[in-house]
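Novice: So you can see what is in the structure, the chains are spelled out below.
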Amino acid sequence: MESLTNTIKSVPLNHYILLCSIIFSIGVMGVLLRRNAIIIFMSVELMLNSVNLLLTAFSVYHGDASGQVFVFFVMALAAAEVAVGLAIIVMIYRNTNSVDTNVLNRLKW
Amino acid sequence: MVKIAAVLGGGCLLVVLVGCLKQVGVADPVLLKDPGLGLVQNLGKVLFNEFLLPFEISSLLLLSAMVGAVLLATKDPKQKSV
Numbered sequence: 001m002e003s004l005t006n007t008i009k010s011v012p013l014n015h016y017i018l019l020c021s022i023i024f025s026i027g028v029m030g031v032l033l034r035r036n037a038i039i040i041f042m043s044v045e046l047m048l049n050s051v052n053l054l055l056t057a058f059s060v061y062h063g064d065a066s067g068q069v070f071v072f073f074v075m076a077l078a079a080a081e082v083a084v085g086l087a088i089i090v091m092i093y094r095n096t097n098s099v100d101t102n103v104l105n106r107l108k109w
Numbered sequence: 001m002v003k004i005a006a007v008l009g010g011g012c013l014l015v016v017l018v019g020c021l022k023q024v025g026v027a028d029p030v031l032l033k034d035p036g037l038g039l040v041q042n043l044g045k046v047l048f049n050e051f052l053l054p055f056e057i058s059s060l061l062l063l064s065a066m067v068g069a070v071l072l073a074t075k076d077p078k079q080k081s082v
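Here the protein sequences come in this chain order: A and B.
The opening position of the first sequence corresponds to residue 1 in the numbering used here, with each subsequent residue numbered one higher.
The opening position of the second sequence corresponds to residue 1 in the numbering used here, with each subsequent residue numbered one higher.
Keep in mind that the hints were calculated from the coordinates and are not lab data.
Treat the hints with care, since some could be wrong.
[What the hints assert, rightly or not] Calculated lysine-lysine pairs in the DSSO-like style (CA-CA distance at most 27 angstroms, straight line):
id : chain 1 : residue 1 : chain 2 : residue 2
1  : B       : 45        : B       : 33
2  : B       : 33        : A       : 9
3  : B       : 75        : A       : 9
Being a predicted model, the structure only gives us computed values, none of them experimental.
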């Protein structure tokens with residue numbers, strides 16, 4: 001346990017930024033690649049959470065609590081976005097009987 | 001075709017980000033200098049003093065999102081007869 005905390009303390013800031021870049025790129029690729037609306041939402045969440053991770057890392061690095069408060073606001077925004085997005089998905093499913101975004105290329109029924 | 005383009009675009013983003021980070025060099029390790037930084041008490045003090053107005057505005061955002069979600073997701077009474 002002691003060695004684990006010592007290892008975590010020696011992680012440089014670059015590695016956090018690298019991890020967040022990789023997670024963000026996975027999210028971007030998921031949005032571009034997948035055609036299922038729910039999986040697109042999961043990828044958007046992945047992007048938002050990578051930014052959250054980066055905000056907390058920089059907050060600890062600079063010793064400033066503002067970054068962690070921003071994470072709260074990003075989480076609230078993500079919750080609002082998911083609520084409206086899922087409602088839109090439900091509406092789309094009622095109208096087209098699928099959550100495939102290829103069906104929506106005309107945006108009218 | 002679209003999938004190849006998507007992988008290419010996402011991969012280009014990753015390559016550019018990693019290439020930019022290579023220029024920075026190794027930074028200092030992330031050390032918690034102030035041990036009370038992440039505690040709920042201190043975080044709450046910051047949240048309710050400096051960020052009180054954004055906090056209240058976010059409550060409005062959540063309320064409007066809830067109303068919008070209910071409005072979008074409830075069935076139309078016209079379609080119920082079908």
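Novice: Now, for every hint given, state plainly whether the structure supports it.
Specialist: Evaluated hints:
Annotation: proposed proximity of residue 45/B to residue 33/B holds, straight-line Cα distance about 19 angstroms (limit 27 angstroms). Between residue 33/B and residue 9/A the alpha-carbon distance is near 11 angstroms, which keeps this suggested pair within the 27 angstroms criterion. A C-alpha spacing of about 53 angstroms is found between residue 75/B and residue 9/A, which places the hinted pair above 27 angstroms, so the restraint is violated.
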